[in-house]
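With the sequences and hints as input, model every part of the structure.
By our numbering, the letter at position 4 of the sequence shown is numbered 4, and the numbering carries on one by one without gaps.
Just so you know, these hints were derived from the structure itself, not from any lab. Treat the hints with care, since some could be wrong.
[What the hints assert, rightly or not] Derived DEER-like restraints, expressed as beta-carbon distance ranges:
{"#": "1", "residue 1": "Lys441", "residue 2": "Lys502", "range": "46 to 52 angstroms"}
{"#": "2", "residue 1": "Thr205", "residue 2": "Asp493", "range": "49 to 55 angstroms"}
{"#": "3", "residue 1": "His183", "residue 2": "Lys502", "range": "49 to 55 angstroms"}
{"#": "4", "residue 1": "Asn379", "residue 2": "Arg204", "range": "45 to 51 angstroms"}
{"#": "5", "residue 1": "Asp493", "residue 2": "Asp318", "range": "52 to 58 angstroms"}
{"#": "6", "residue 1": "Asp493", "residue 2": "Val424", "range": "43 to 49 angstroms"}
[Claimed, not checked] Simulated crosslink set (BS3-like; lysine-lysine; CA at most 25 angstroms straight-line):
{"#": "7", "residue 1": "Lys533", "residue 2": "Lys587"}
{"#": "8", "residue 1": "Lys194", "residue 2": "Lys228"}
{"#": "9", "residue 1": "Lys162", "residue 2": "Lys213"}
{"#": "10", "residue 1": "Lys213", "residue 2": "Lys194"}
{"#": "11", "residue 1": "Lys162", "residue 2": "Lys86"}
{"#": "12", "residue 1": "Lys162", "residue 2": "Lys46"}
{"#": "13", "residue 1": "Lys217", "residue 2": "Lys533"}
{"#": "14", "residue 1": "Lys217", "residue 2": "Lys228"}
The beta carbon of each residue, even a glycine, is placed where N, CA and C say it ideally should be.
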Amino acid sequence: MTTPIEDYALISNCCTAALVGRDGAIDWLCLPRFDSGACFAKLLGKPEHGRWLICPEAEVKQTRRRYQDGTLILETEFETSEGAVKLIDFMSLSNECSEVVRIMEGMRGQVKLSMDLVIRFDYGLIVPWVWQTEHGWQATAGPDTLELHTDVPTSRDATRIKAEFTVSKGQRKSFVLAYHASHLGSSPTADAEKTLEETEQEWRTWSDRCTYKGRWKATVLRSLLTLKALTFKPTGGIVAAPTTSLPEQPGGVRNWDYRYCWVRDATFTLNALLAANYQDEAVGWREWLIRAVAGDPEDLQIMYSITGVRRLEEMELDWLPGYGGAAPVRSGNAASKQFQLDVYGEIMDTMHLARSAGLHPGPHAWEIQKALLDFLESNWQNPDEGIWEIRGPRRQFTHSKVMVWVAFDRAIKDAEQFGLEGPVSRWRELRDTIHEHICAKGFDARRNTFVQCFGSHHLDASLLLIPLVGFLPPDDPRVSGTLEAIEHDLISDGLVQRYSSKTHIDNLPGGEGTFLPCSFWLVDNLALVGRHKEAEALFERLLTLQNDVGLLSEEYDPEGQHMRGNFPQALTHMALINTALLLSDIKNKPSHRKHDGDRPAAVARTKK
1 MTTPIEDYAL ISNCCTAALV GRDGAIDWLC LPRFDSGACF AKLLGKPEHG RWLICPEAEV
61 KQTRRRYQDG TLILETEFET SEGAVKLIDF MSLSNECSEV VRIMEGMRGQ VKLSMDLVIR
121 FDYGLIVPWV WQTEHGWQAT AGPDTLELHT DVPTSRDATR IKAEFTVSKG QRKSFVLAYH
181 ASHLGSSPTA DAEKTLEETE QEWRTWSDRC TYKGRWKATV LRSLLTLKAL TFKPTGGIVA
241 APTTSLPEQP GGVRNWDYRY CWVRDATFTL NALLAANYQD EAVGWREWLI RAVAGDPEDL
301 QIMYSITGVR RLEEMELDWL PGYGGAAPVR SGNAASKQFQ LDVYGEIMDT MHLARSAGLH
361 PGPHAWEIQK ALLDFLESNW QNPDEGIWEI RGPRRQFTHS KVMVWVAFDR AIKDAEQFGL
421 EGPVSRWREL RDTIHEHICA KGFDARRNTF VQCFGSHHLD ASLLLIPLVG FLPPDDPRVS
481 GTLEAIEHDL ISDGLVQRYS SKTHIDNLPG GEGTFLPCSF WLVDNLALVG RHKEAEALFE
541 RLLTLQNDVG LLSEEYDPEG QHMRGNFPQA LTHMALINTA LLLSDIKNKP SHRKHDGDRP
601 AAVARTKK
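Structural data, given as structure tokens:
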């Protein structure tokens with residue numbers, strides 16, 4: 001049976017991440033990086049595609065899970081007729097090689113347990129050569145090696161490593177699975193208990209830096225920990241999700257690889273990190289962004305790898321049947337080749353936010369920004385694929401044009417506020433022209449709403465960003481009309497759809513879940529127009545959609561009551577953090593909501 005997405009928890013070493021099921025199985029792990037081939041790919045296939053299961057042999061009557069406070073150390077408790085045990089799962093943060101550590105602790109009675117380790121490299125395609133070592137087992141194929149170290153007696157059954165053992169109250173049995181490149185020598189065997197202690201301390205030291213003290217502190221901190229877990233420590237890049245091809249529709253084809261860094265998320269990311277006092281991570285993200293986009297402005301991409309690599313060739317892994325049979329399974333993302341105007345606005349907005357918050361980048365950053373603006377000045381009227389990466393004909397998307405306006409607006413503010421040189425008069429004239437153009441072409445006066453693209457009658461949830469990026473004030477009648485139209489046409493069971501897939505604008509079969517980031521944007525809009533009770537009620541409802549350990553996916557299916565899409569989704573957790581900040585800010589500073597063209601929840605404003 002396919003494990004529901006919400007039944008997974010995340011562990012990470014800030015270079016890669018694993019998904020651990022409620023049943024005690026690690027069904028997804030890419031090594032050594034987020035975007036490497038998976039050695040456990042059962043998530044998208046079957047156990048023979050790679051999995052690591054540790055569980056009681058007797059029927060499990062009850063399962064409880066939690067993260068240790070302020071950490072990404074997962075504890076799963078299993079209750080059986082024989083007694084109770086606790087499985088502790090985590091990844092070491094300090095060791096040079098990637099290590100997954102699993103400790104089984106007896107809590108009550110005497111429980112018989114089994115372990116089944118199936119290693120398959122390259123997304124389940126490659127069966128490694130496995131042999132026994134002094135401390136366990138080693139599996140090697142091509143460039144990859146995994147070593148299992150354990151104090152439990154083990155055996156090999158064909159290409160599986162198995163164990164049967166018993167744990168009594170107070171006993172602890174440990175397993176360490178360490179990765180290294182096959183041409184390098186083995187690392188010293190890690191002390192599981194010492195590594196646990198060190199990892200716990202590192203996570204808690206990081207969590208203690210959080211300065212958000214609002215009503216939703218625990219939830220915000222869990223989302224911040226999730227963002228940290230999705231950060232590639234060597235470069236500062238943050239992946240959109242640690243998974244690929246988790247479908248947006250059961251059995252459908254909307255299955256994309258999200259193990260890359262989206263420029264679209266830049267401002268949301270920076271604001272969330274800065275607001276909670278994670279300046280080092282914010283600087284790391286900003287520096288990744290500058291390095292990634294440097295070069296010919298015409299070559300700007302919507303996404304890059306965690307190191308800034310641009311070629312993300314999409315291919316289908318046809319040996320994997322897909323999550324719940326949803327094929328194809330994809331590695332790479334062809335959307336990286338799309339033309340999207342909104343990313344220019346995101347870059348300029350992010351750099352403006354950084355400067356406003358006191359994080360002044362080096363002088364080369366402004367030169368890169370001016371080069372991007374020069375390109376945008378000549379190309380802003382071109383159609384594009386839009387924020388949702390439409391795999392159909394390019395169109396004049398309203399949100400894309402709004403973000404073009406944002407690009408010039410933020411450049412003007414940077415020049416005026418920080419003494420940076422540039423053709424400000426020309427930029428002002430162009431900013432006004434773009435604003436008039438959008439209001440004339442992207443607004444349906446008869447229905448009193450902005451529309452998805454020029455000349456269309458369809459709606460799009462990205463229009464909820466119009467007041468959030470400062471294009472128009474929240475009390476503008478056109479903003480109110482757009483909010484009402486979206487509430488009428490794009491709401492399913494109180495949650496927001498990105499757009500109606502029935503229009504086939506994306507050249508894909510219809511059907512997907514409601515989009516959780518857009519639902520948080522709806523909360524923001526309700527709060528900004530003074531509908532505070534409705535805003536808080538929807539926010540609280542969205543929080544109930546978190547799984548038992550506080551994680552959220554990209555989409556949610558209200559009818560089936562299951563998470564959809566890649567998991568956990570960084571943009572969803574960013575939106576949660578920023579919405580909590582906005583709701584707290586409005587409550588604490590109700591007079592602070594004057595329109596000045598900036599994002600209303602920007603950290604630089606809330607600290608004034």
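Evaluation of the provided hints:
In this structure the supplied range 46 to 52 angstroms is violated for Lys441 paired with Lys502, their Cβ-Cβ distance being about 24 angstroms. The given range of 49 to 55 angstroms is broken by Thr205 and Asp493, whose C-beta atoms sit roughly 41 angstroms from each other. Between His183 and Lys502, the C-beta spacing of about 53 angstroms keeps the proposed range 49 to 55 angstroms intact. Between Asn379 and Arg204 the beta carbons are some 48 angstroms apart, a value that agrees with the proposed interval 45 to 51 angstroms.
Between Asp493 and Asp318 the beta carbons are some 36 angstroms apart, a value that contradicts the proposed interval 52 to 58 angstroms. At about 47 angstroms, the CB distance of Asp493 to Val424 agrees with the hint of 43 to 49 angstroms. Distance restraint check for Lys533 and Lys587: the Cα-Cα separation of roughly 11 angstroms lies within the 25 angstroms cut-off, and the hinted pair is therefore satisfied. Under the criterion of a C-alpha separation no larger than 25 angstroms, the hint pairing Lys194 with Lys228 is consistent with the structure, at around 22 angstroms.
Straight-line distance between C-alpha atoms of Lys162 and Lys213 comes to about 47 angstroms, which puts the hinted pair past the 25 angstroms bound. A hinted pair counts as satisfied when its Cα atoms are at most 25 angstroms apart, and Lys213 with Lys194 does not qualify at roughly 32 angstroms. For the hint linking Lys162 to Lys86, the alpha-carbon distance of about 20 angstroms falls within 25 angstroms, and the restraint holds. Distance hint between Lys162 and Lys46 is fulfilled; the C-alpha atoms sit about 17 angstroms from each other, no more than 25 angstroms.
For a cut-off of 25 angstroms, the pair hint linking Lys217 to Lys533 stands: about 19 angstroms separates their Cα positions. At roughly 16 angstroms between alpha-carbon atoms, Lys217 and Lys228 fall within 25 angstroms of each other, so this suggested pair holds.
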